[in-house]
Amino acid sequence: MKITEQEVRYVAGLAHLQLTDQEIARMARDLGDILTHIEKLNELDTSGAAPMAQVLYDAPETATLREDQPGGTLANADALANAPLSGAGQFKVPKIIER
Amino acid sequence: MNVPTLTIAGIQEGLRSRQFSAAELASEALKFAAAENPKTNAYLLLSEERAIQAARNVDAALARGEDPGVLAGVPIAVKDVIVTKGLRTTCGSRLLEHFVPPYDATAVERMEKAGALIVGKANCDEFAMGSSNENSAFGPVRNPVAPDRVPGGSSGGSAAVVAQGTAVASLGSDTGGSIRQPASFCGVVGVTPTYGRVSRYGLVAFASSLDHIGPFARNVHDAALLLQVIAGRDARDATSAFAPVPDYRQSMQQDVKGLRIGLPKEYFDGLGDETGLQIRKGIELLRSQGCEVVEVSLPHTQYAIACYYIICTAEASSNLARYDGVRYTTRSANAKTMIDMYRMTRGEAFGAECKRRIMLGTYVLSAGYYDAYYLKAQKVRALIAGDFQRAFEKVDALVTPVSPFPAFKLGEKLDDPIQMYLSDIYTITGDLAGVPCMSVPCGVTREGLPVGMQILTRHFDEPGMFRLAAAFERAGGFSV
Numbered sequence: 001m002k003i004t005e006q007e008v009r010y011v012a013g014l015a016h017l018q019l020t021d022q023e024i025a026r027m028a029r030d031l032g033d034i035l036t037h038i039e040k041l042n043e044l045d046t047s048g049a050a051p052m053a054q055v056l057y058d059a060p061e062t063a064t065l066r067e068d069q070p071g072g073t074l075a076n077a078d079a080l081a082n083a084p085l086s087g088a089g090q091f092k093v094p095k096i097i098e099r
Numbered sequence: 001m002n003v004p005t006l007t008i009a010g011i012q013e014g015l016r017s018r019q020f021s022a023a024e025l026a027s028e029a030l031k032f033a034a035a036e037n038p039k040t041n042a043y044l045l046l047s048e049e050r051a052i053q054a055a056r057n058v059d060a061a062l063a064r065g066e067d068p069g070v071l072a073g074v075p076i077a078v079k080d081v082i083v084t085k086g087l088r089t090t091c092g093s094r095l096l097e098h099f100v101p102p103y104d105a106t107a108v109e110r111m112e113k114a115g116a117l118i119v120g121k122a123n124c125d126e127f128a129m130g131s132s133n134e135n136s137a138f139g140p141v142r143n144p145v146a147p148d149r150v151p152g153g154s155s156g157g158s159a160a161v162v163a164q165g166t167a168v169a170s171l172g173s174d175t176g177g178s179i180r181q182p183a184s185f186c187g188v189v190g191v192t193p194t195y196g197r198v199s200r201y202g203l204v205a206f207a208s209s210l211d212h213i214g215p216f217a218r219n220v221h222d223a224a225l226l227l228q229v230i231a232g233r234d235a236r237d238a239t240s241a242f243a244p245v246p247d248y249r250q251s252m253q254q255d256v257k258g259l260r261i262g263l264p265k266e267y268f269d270g271l272g273d274e275t276g277l278q279i280r281k282g283i284e285l286l287r288s289q290g291c292e293v294v295e296v297s298l299p300h301t302q303y304a305i306a307c308y309y310i311i312c313t314a315e316a317s318s319n320l321a322r323y324d325g326v327r328y329t330t331r332s333a334n335a336k337t338m339i340d341m342y343r344m345t346r347g348e349a350f351g352a353e354c355k356r357r358i359m360l361g362t363y364v365l366s367a368g369y370y371d372a373y374y375l376k377a378q379k380v381r382a383l384i385a386g387d388f389q390r391a392f393e394k395v396d397a398l399v400t401p402v403s404p405f406p407a408f409k410l411g412e413k414l415d416d417p418i419q420m421y422l423s424d425i426y427t428i429t430g431d432l433a434g435v436p437c438m439s440v441p442c443g444v445t446r447e448g449l450p451v452g453m454q455i456l457t458r459h460f461d462e463p464g465m466f467r468l469a470a471a472f473e474r475a476g477g478f479s480v
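Chains A and B supply the protein sequences, listed in that same order.
For the first sequence, the positions run 1 to 99 when my numbering is used.
For the second sequence, the positions run 1 to 480 when my numbering is used.
Incorrect hints may have been included.
As the list claims (entries may be wrong) - Residues on chain B that point at chain A, a partial pick, calculated with CB under 8 Å:
| # | residue |
| --- | --- |
| 1 | 62 |
| 2 | 196 |
| 3 | 261 |
| 4 | 326 |
| 5 | 360 |
| 6 | 385 |
Claimed, not checked - Sample of chain B residues lacking proximity to chain A, with all beta carbon distances greater than 10 Å (derived):
| # | residue |
| --- | --- |
| 7 | 13 |
| 8 | 210 |
| 9 | 250 |
| 10 | 281 |
| 11 | 288 |
| 12 | 310 |
| 13 | 324 |
| 14 | 325 |
| 15 | 327 |
| 16 | 344 |
| 17 | 376 |
| 18 | 382 |
| 19 | 411 |
Hints are computed from structural coordinates only; laboratory data are not their basis.
From a predicted model like this one, the values you see are computed outputs, not experimental measurements.
Just so it is clear, CB atoms sit at the ideal spot from N, CA and C, and this is done for glycine as well.
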């Protein structure tokens, strides 16, 4: 299956992933190879199979339901400790709206 | 004390008979790890302070006449995709180079409560994506058995520290074989329990319908004991199983006379000569212990890799969306706008394999392709799981190779992602079906490279799996 560089650029946009021109060329080749292997699945008639959305669940559907209970939470400073940029108890990001 | 040959039982005996204190053991083990680590690069970080504090707590409990726990004083390494409060957790990624988690994973919490010493964080492929540990941003791990070869991946560091003797046991994670394959390459025991058996709270998510935490150890008993401690329902992981955790020690004392073992014929076609020879020797040994060996078929095996690489990349592309430059330590210095912050942070910090999987996952989930890829793969997954269900109506366990070949040379497969993916063929199916599976050492090739034999059993039948593995070990299977 052939994947064009234009398709790679489109998907990279969806993934919010910046790629260099060199990476785009390589990605087109790699994705093409992998998708060619994946085409093998078309040999298989799956019309009778239900999709396996859940791997394993060994309890009644309501087993995880319970009364609301207040629990511990991270302190504001701990939650922000790994932020690249923070201030006034908030995560800081580049300006989104121009005034 | 001889650090590289310690076992959990040996440590308990040594502590109780006062041959050594936990604090002495901790400092010896850390000293040994620091001296040996440059040979393999298996540890990304040694946690002296935390291990010695835990050891002092064990000694204090012993002095008070209290039970210090079943893992008292046991030096254990934790794969660097499992979070540890206050201990840097990088996931083998440049993106999380400075990430210090504010909480502990449930598995880590349970081990420490049982007296374990967390001695360090083990190297791994970036976000657990890889089969050779060459995708770590902090350099590859060398196989302790053959330093010019890979230790396997993605839990390469976790396997190497146990093989090298710089930890008695370790935690790894497995999504498509990332525990069993490195265990087989390094000649140690590696266990992927039933899906949901161990809480993933605190395991950095890669592919949520496939991710498992599991133990590495140098013998079956130690692996089972470690699993015993970390297994069981955890309200903080909604996918963790409710089933009670049986006492694995009981099953390991039983013989295996009359157990029915299935050999899936699809796993023995195209198998490397030497690996095949070793696995067949292992099977003969099980037969000599009284097992009945029959051939079975898992007819959808040939579709497993395609199915897996759709599901795991789709889930990874969603899970890795959180690394956007806002919360997790790294942000591109060149970004001026919000969108550039996302794009450039991710483009600059993710390695090649992560990018490849994010791209493939985004592609298969993109508008118009969902039915053709993700939905199709989920249906194929159901067929693969059905194969196992039918096989387990006829047999108690399946025995297969772990990898088609032993540890390969560093760099040998790095430029060919498809070849690397295809090498996961025997391990991926167990993850897709969610059944428990493990790798046990099964001798070595002429060159002295370890071969691993895989044992798979029904959902939650870890007791049956350990029973077979322990009998195999007792009969000399590790050096067959």
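- Taking the closest pair, is the beta carbon of residue 324(B) still more than 10 Å from chain A? 7 Å, violated
- Can we keep the residue 326(B) interface hint, with Cβ of chain A closer than 8 Å? 5 Å, holds
- Item | Assertion that residue 382(B) lies farther than 10 Å from chain A (Cβ) | 4 Å, violated
- Item | residue 250(B) non-interfacial with respect to chain A [C-beta, more than 10 Å] | Answer for residue 250(B): holds, closest chain A Cβ roughly 21 Å.
- Does residue 411(B) sit more than 10 Å from chain A, CB to CB? Given that every Cβ of chain A is farther than 10 Å from that of residue 411(B), nearest at about 17 Å, it holds.
- Message: Quick check for students: does the CB of residue 288(B) sit more than 10 Å from each CB in chain A?
- Response: Its Cβ never comes within 10 Å of chain A, the nearest being 34 Å, so this holds.
- Item | residue 327(B) non-interfacial with respect to chain A [C-beta, more than 10 Å] | Residue 327(B) not clear of chain A: closest Cβ-Cβ about 6 Å, inside 10 Å.
- Per-residue hint verdict: residue 261(B), partner chain A, C-beta under 8 Å: 23 Å, violated
- Does the no-contact call for residue 310(B) survive, Cβ to all of chain A over 10 Å? The claim is violated: residue 310(B) sits with its nearest Cβ about 6 Å from chain A, within 10 Å.
- Message: Restraint: residue 62(B) near chain A, CB-CB cut 8 Å. Satisfied or not?
- Response: Hint violated; residue 62(B) Cβ to chain A Cβ min 31 Å, cut 8 Å.
- Message: Using Cβ atoms and 10 Å as the threshold, tell me whether residue 344(B) really stays out of contact range of chain A.
- Response: About 5 Å separates residue 344(B) from the closest Cβ of chain A, which leaves it inside 10 Å; violated.
- Task: Compute the least Cβ-Cβ separation between residue 376(B) and chain A, then decide whether it is above 10 Å.
- Result: 6 Å, violated
Checked against the numbered hints above, the structure violates hints 1, 3, 8, 12, 13, 14, 15, 16, 17, 18; every other hint is satisfied.
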